[in-house]
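Trainee: Listed here are the chains, written in short residue letters.
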Amino acid sequence: MTFPISGTHIDPVYLIGVGFVVGMLGGFFGVGGSFLAGPALFAAGVPMNFVVGTDLAHIVGKSIVAARKHRTLGNVDLKLGGIMVVGTIAGVEAGAQVIQWLKRTAHIDVAVGLTFVSILIGISAFMTWETISTLRAHGNRKRRAKSAGTEHPSRRDHSAMAHIAHKIHALSLPPYISLPVSGIERVSLWAILAVAFVGGFFSGFLGGGAGYIRMPCLIYLLGIPTHIAVGTDLFEIIISASYGTISHALKGNVDILIALVMHTGAAIGAQIGATATQFFGGPRIRMAFIPLPLIGAVMLIHGLLTGHPHK
Amino acid sequence: MDREVKSSLISFCVELLIYAALVIAYYFLVLHLLGDWLQRLFEHERKLYAAIALGLIICQGLILEVFTRLMLAFIKPRTED
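Protein chains in written order, with the numbering used here: chain A, 8 to 318; chain B, 39 to 119.
Pulled out of the complex, with its shape left as it was, chain A reads as follows (with noise of 0.2 Å):
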C-alpha cells in the first residue's frame, strides 16, 4: 500500500504485525513504543523525520488503551504523571527543533540513527547488570519474604540502584513534594521535571514516547516501584507524545495513514501485555526487557548501513 503523504510503499500487514509486537510490549513494559516502531519503520523505508513524528502519533492511540488497564490495576500515579506532562512537554519541543535543524542540514538519518543506536546499546547493558545484581542480592530474601507475606509478590519490588534513588530523595531542592501512590515521602520537584525533560527531549528527537529512558530514570533515578512506573509512563505519555505529534504534524514529520494502520494491531497488543504484569516481580519485567534495545539497534543499524529509498 502506497502512503502518500510520507512518500512510502509499505505492506499494511507488516505495519500492523510490527503495531501489535509493540502494543503488547508496551502494555507489559511501558515502553516498546519508538526504540521497535522506529527502527521497523526505517527498516520499512519510511525517512527518519516520518519515523519520529509517525511513532509519536502512534503512540498516542496505543498509550490510551495500555494506560487504561493500568488504570485499573493501580499501576497509575497520576500526581506524579501530571507533574512530568510539564518537563515533558518542553523536552518534546526542544528535540523537535533540533529534527528541524537536521532536516536543513541533510544528516538526519545518520544522525539520529547513530544517536539512537548508542542510547539502545547502553540502556541495555545498564538494566543487564543491574537486574542481574539485584536477582542475586535479593533472590533468597524474597522467597522467604514471600511465603510470610500477605501482599502479592509481584508486587514487591527490588533494585540493586535503591542507594541513587535514595539520594535523590535527599536533595535538598524545594519545593518538595510526596507521591503517596509510588510510596515516596518527599522528593525533590526539580528532580522530577529534570527526569521528564530528558525523557521529553528524546521523545521529540527520536520518536515515540522515550520510554526506555524515562522508565529506567523513574526505576532508578526517583526510586518509583516498577508496576507504577510502567502504568505512570503510558499515563504521561498520552499528554506528551499528543503535543509532539502536533509539533512534528506542524512541521510535516506525520503520516497519520501509517499511525493508524499501526495503531490497529497495537491496540490488542497493548491489552495482553498491561494484563501479563499482574503475574511478574519488577526485576524480572526488567530482565526480559534487556533484549529488546538490541534488537532495535540491530535493525537500525541494518537500515543504516544497507540504505533504503526516500521520497
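Quick caveat, the hints were computed from the structure, so don't treat them as lab data. Any given hint could be a false lead.
Heads up, incomplete: computed chain A residues facing chain B, CB under 7 Å, no partners named [to be verified]:
1) 11
2) 64
3) 68
4) 75
5) 196
6) 252
7) 263
8) 270
9) 271
10) 274
11) 275
Note that the Cβ used here is the ideal one computed from N, Cα and C, for glycine as well.
Put chain B on the given structure of chain A with help from the hints.
Mentor: What follows is chain B alone, placed relative to chain A:
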C-alpha cells in the same frame, strides 16, 4: 492445563479472530478512503491536518479500547460455560 488459563486462551483466540476480521474490513473501507483527503490537508492546510491527525488517532484509540473491552466481556462468559 488449568481450567482458568484454558478459558482465557480460548477467549483470546476468539477475540483475535473477530478483531482480525474487523481490522481488515476497517482497513479496506476506511483507510483507503482517507488517503487522498489527508494528503491534500497535509500539503495545503497543515494546521488542520495536525489537529485532525491527533483527533483521528485518539478517536481510534478510544473506540478500539471500548470495543475490545466489550468484546472481552461478551466472549468470556460464553467460553467459560
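Trainee: Please list, smallest to largest, the hint numbers that this structure does not respect.
Mentor: Hint 5 contradicted; others consistent.
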